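Got chain A; can you put chains B and C on it based on the hints?
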Amino acid sequence: MSSPTAHAHHAPQGFIRKYVFSLDHKVIGIQYYFLGLFSVLIGLTLSVLMRFHMVYPDVKVSLFEKLWPVGAQGGIMTPELYLSLMTMHGTIMVFFVLTTVPQSGFGNYFLPIQIGAEDMAFPVLNMMSFWTTFVALVVMVAAFFVKGGAPLAGWTGYPPLSALGPVSGPGEGTGQTLWIVSIAIFCFASLMGAINFIATTIDLRAKGMTLMRMPLTCWTWLVTAILGLLGFAVLLSAGVLLVLDREAGTSFFIPAGLLVSDQIQNHKGGSPLLWQHLFWFFGHPEVYIAILPGMGVASQLLSTFSRKPIFGYRAMVFAILAIGFLGFLVWGHHMFMSGMSPYSALAFSVLTMCIGVPSAIKTFNWIGTLWGGKIRFTTAMMFALGFVSLFVSGGISGIFLGQPALDLYFHDTYFVVGHFHMIMGVAAIFGMFAGTFYWFPKMFGRMMNETLGKLHFYLSFIGVYAIFTPMHFLGVAGNPRRYADFTNYDFMNPLMPIHKFMTHAAYFTAAVQIIFLINLFWSIKKGARATENPWEATTLEWTIPSPPPFDNFGGKHPVVYRGAYEYGVPGADKDYIMQNDPAQTPAH
Amino acid sequence: MLLAPIIWVLTVIICYIFAAHTWWFPPPISAHGMDYDAQFTRTLVITGVIFFVAQFALGYAIIKFRDNGGRASYTHGNNKMEALWTSATAVLFIGLVLMGTKIWASVHFTEAPADAMPIEVLGKQFAWNFRYPGPDAKFGHTDIHMVNDQGGNPFGIDSKDPASKDDITSGSLRVPAGKPIKLILHSQDVIHNFFVRELRLKQDIVPGMEIPFHFQADTPGTYEVPCSELCGLGHHQMRTTLIVLPPADFDKWMKEQLAAK
Amino acid sequence: MARSITNPDIKGPAGPTSGEWGDGGGGQPGASRRASLTGLLVLLTATTMVFAAFTSAFWVRRGLSNDWQPTTLPPVLWVNTGVLLVSSVMLEIARRSLKSGKRSEFNRYWTIGTGLGILFLLGQALAWRQLNDAGVFIATNPSSSFFYVLTAAHALHVIGGISALTYVDVMALLLQLGPGKRTAVDVCAVFWHFLDGLWVYLMILLTVWG
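Residue numbers (numbering that gives the first Met the number 0), protein chains in the order written: chain A, 0 to 587; chain B, 0 to 260; chain C, 0 to 209.
Chain A extracted, bound-state conformation:
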């Protein structure tokens, strides 16, 4: 760890120091963003392949045979190949996109600036955390290329399937081990990041930037870092034990007396449920890690573009803290059907319903922010509004799943898949789009194209509803998840039109993302020059040039006089007051 003073007063020189092994949190934030962008394109491709196979399982595609001579002999995807694509889709999306972009991408770039700091507390550690994440991604992708291919046990990797080795299925050899190693490396990277985020937020705030004057984005980044700190440490331990079961002959998770592929296994005495408890103790906070920063961005944008303070700042902070805290107490709702004690299932259920309350508070407050406002429909704002709609849709299905009585039917059906995709696969992604359109001017000194932006928004918004809402209907009909195809069951025949519809909607929505990519890369080169504060927003990043100098505030130390949401203050000469503006009243 090096202190900020070690590098603060000398701008980095040379390409490697400036762009590769940079200590500048802004460069590191951009590196994380592009790592996430690369990963989401892989994840998206995998999902399109999956959706194709689900509705056309017998159609020969010569490209498949070229890519996977063993897994897709004759151009037809084998079930094990399908399951490995599914496993990697989930894993790459959850870790390398949802955990990375909102927190390590935007958070790294904007946390120090929004609190008035020159950089993160430990810039060298920050750089190491990015490159560690990079190595984790390389190891994960390597799983595709080893003998047996990528693992097929799902992103949740339940033993014994994930612990027995190749005897339980193709891909369960080296592929599964690389998967665990990659995740373990990712855990280290996350823990390094958590150290920086927490220390920076607690100790490096500028004068006058009290905790209750911080923008809500900073609160979400702080709580997300704490969730990651506690969660990833446990995942790391679980991964170590799983690898030992696979490679060292231990039996943490593997019980006695197993007969797999006609081979009696030597393990004895372990518990598959132990893995589930450890994994979900991490796994549930993980989904809040994926969504909280997006909620912070939504709050920020809804206020800024309604020209009104956020409705109920204190309640919003309380809700973030409550979601973070309760997020550690509800992991058992992923295990209602697992064979664990049904009494604990009830306890987890009540707590799960409790966590719906702060989420509801946030939703009411977002609508309350819009109410009586003066809404400016920039692309960033469109994505924030879309976020609210999608969050409502995705959150509502949680009310069903949080009841073990109803989970007796819905567990492991498409209802679950619809629920978590709505929240993570869409709302969280929209949060990232919103952040991109909002902060792009600051990061790159140019504006993105609003026409392309709005076109991308509308088509994506309709597209994602078209893809993921039908999953709930499939769930009600009892369609199980993680099935390579649906040809073996009579009751699923009438559901195929839904699957076809979803597949076509997926093609459409995936294609629409090209508009975003064009907009992003074209605007970096050729977008209109951005001013210091194109959105007339109040937080500290809008007081410095676009893009900012290497030490953010040009050697000055900002002083903060008010909260982050002073829009439309009666009596002020503009309809917004910057946080560092001493002259206006009221200050609080």
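Bear in mind the hints are in silico, worked out from the structure with no lab data behind them. Hints should not be assumed to be uniformly reliable.
Stated by the list, open to error - Ranges between beta-carbon positions, derived for each pair:
| id | chain 1 | residue 1 | chain 2 | residue 2 | range |
| --- | --- | --- | --- | --- | --- |
| 1 | C | 117 | A | 246 | 48 to 56 Å |
| 2 | A | 133 | C | 181 | 28 to 36 Å |
| 3 | A | 340 | B | 44 | 37 to 45 Å |
| 4 | B | 44 | C | 199 | 55 to 63 Å |
| 5 | C | 68 | B | 178 | 41 to 49 Å |
| 6 | A | 581 | C | 162 | 27 to 35 Å |
| 7 | C | 40 | B | 82 | 32 to 40 Å |
| 8 | B | 82 | A | 247 | 52 to 60 Å |
| 9 | B | 246 | C | 136 | 25 to 33 Å |
| 10 | A | 247 | B | 14 | 37 to 45 Å |
| 11 | B | 0 | A | 19 | 40 to 48 Å |
Stated by the list, open to error - The calculated DSS-like cross-link candidates involving lysine-lysine, where the alpha carbons are at most 30 Å apart (straight line), are:
| id | chain 1 | residue 1 | chain 2 | residue 2 |
| --- | --- | --- | --- | --- |
| 12 | A | 267 | B | 63 |
| 13 | B | 181 | A | 267 |
| 14 | B | 137 | B | 260 |
| 15 | B | 159 | B | 63 |
| 16 | A | 206 | A | 573 |
| 17 | A | 17 | C | 180 |
| 18 | A | 573 | B | 63 |
| 19 | A | 206 | A | 499 |
| 20 | A | 206 | C | 101 |
| 21 | C | 101 | A | 555 |
| 22 | A | 499 | A | 65 |
| 23 | A | 267 | B | 159 |
Everything numeric in this text was worked out from a predicted model, so none of it was measured. Positions of the beta carbon are idealized from the N, C-alpha and C atoms, including for glycine.
Same frame as chain A, but now just chains B and C:
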């Protein structure tokens, strides 16, 4: 703005499809199934109202409060409203889960009735096997070394054990209608899950654990059983059927099986 | 990208000199030191969670089936425990000396503390060797599995700690341990004491319930 009508149209379409039961549960075949459907409907109505109102309010706000030159109203919130909608949400959500408690309790907190028919379920990659204890009501001893799928002994039943003489094994699950059944779930290798849509019941089958699970099916028929926990490359093919027979027909089947031994 | 990500045209004026207690990123005096201590606390929390997860796995596994055979701990582990505790005491004496400005005393005690830390690791390796010779390996039974996992995880942290202690030692011996590095001394020492406490906890866990 265009977003508002889009949100409204999507909301109406979604609510309609749910209300019209366009794609729906199969009819329930048990009392538990009917209780389940009632709780589902309760939840659907409450969440449906919340969904509808929230999306409509969002759309309404988008239209009504768009920037047309006026001033935004400067307010930091309203504590009374916060308290009101927070308590309402808490009461609704927790109320819902408490209402469903009876259903959960009837499945998991109560033991199977004393006269329940025990049937052993064995899940393995990628097939289902069922075993009836026969007239002696005792399951014969099994040994993993004796498992022989090709040779017709998936359970590894020890034929030397006298209790195994009248054990009946089957690839599908036949039960008499209107009688309580107690399943004893085993897995030989990885986690599987036994799911019958019409019963509105499912349960993970965990290796190393012996999990009891009871139900009563009242309507005769044949119902598909899809494995519902990822178990490997054949997960999507691991299928069996629950065949609910009128008690007389079930007895007849049982007699035929015993005679064939 | 055509343009520089960070704007090179605007350079800050020469700010406060580095090397002081830490006029850190927010311009607040002492912020850098506080940040280092917060960072340490976060690191200790992470380690605590890792061992909490292992402990809960330990408990669950222990209660699961009757194949748990308590591992007889090699007696050298008690010697190692003593060595570790003494090393912590040495580091504390060193810290006190530094506060009163007694540089060479600091060097002496800190070096001894670091050396004892290395001795602890060697002792751990010996304990592992003795267990191996007795036929107790990681997969022998669940108790031994946890023994190896817990001691190995602890040892990895000790290796990290020794690297940090050595860094401070080298700085001290090269006479580069200025006031700005005091925080590093404190952070390393606290981390090391934490590893002590963790080790005592593990010894209790393994002796009583292992």
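A quick look at each hint next to the structure:
1. C:117 x A:246: 48 to 56 Å: violated, 29 Å
2. A:133 x C:181: 28 to 36 Å: holds, 34 Å
3. A:340 x B:44: 37 to 45 Å: Roughly 31 Å apart at Cβ, these two residues miss the hinted range, so it is violated.
4. B:44 x C:199: 55 to 63 Å: holds, 58 Å
5. C:68 x B:178: 41 to 49 Å: For residue 68 of chain C and residue 178 of chain B the Cβ distance comes to about 46 Å; the hint holds.
6. A:581 x C:162: 27 to 35 Å: With a Cβ separation near 47 Å, residue 581 of chain A and residue 162 of chain C fall outside 27 to 35 Å, so the hint is violated.
7. C:40 x B:82: 32 to 40 Å: Since residue 40 of chain C and residue 82 of chain B have Cβ atoms about 35 Å apart, the given range 32 to 40 Å holds.
8. B:82 x A:247: 52 to 60 Å: Given a distance of about 56 Å, which is inside 52 to 60 Å, the answer is holds.
9. B:246 x C:136: 25 to 33 Å: For residue 246 of chain B and residue 136 of chain C the Cβ distance comes to about 58 Å; the hint is violated.
10. A:247 x B:14: 37 to 45 Å: Given about 54 Å between the Cβ atoms, the range is violated.
11. B:0 x A:19: 40 to 48 Å: Holds: the Cβ-Cβ distance is about 43 Å, inside 40 to 48 Å.
12. A:267 x B:63: violated, 66 Å
13. B:181 x A:267: holds, 28 Å
14. B:137 x B:260: holds, 16 Å
15. B:159 x B:63: violated, 82 Å
16. A:206 x A:573: Distance of about 24 Å is within 30 Å: holds.
17. A:17 x C:180: Holds, at roughly 27 Å.
18. A:573 x B:63: holds, 23 Å
19. A:206 x A:499: Violated, at roughly 57 Å.
20. A:206 x C:101: violated, 37 Å
21. C:101 x A:555: Not OK: residue 101 of chain C and residue 555 of chain A at ~38 Å, beyond 30 Å, violated.
22. A:499 x A:65: Roughly 25 Å between the alpha carbons, so the hint for residue 499 of chain A and residue 65 of chain A holds.
23. A:267 x B:159: holds, 26 Å
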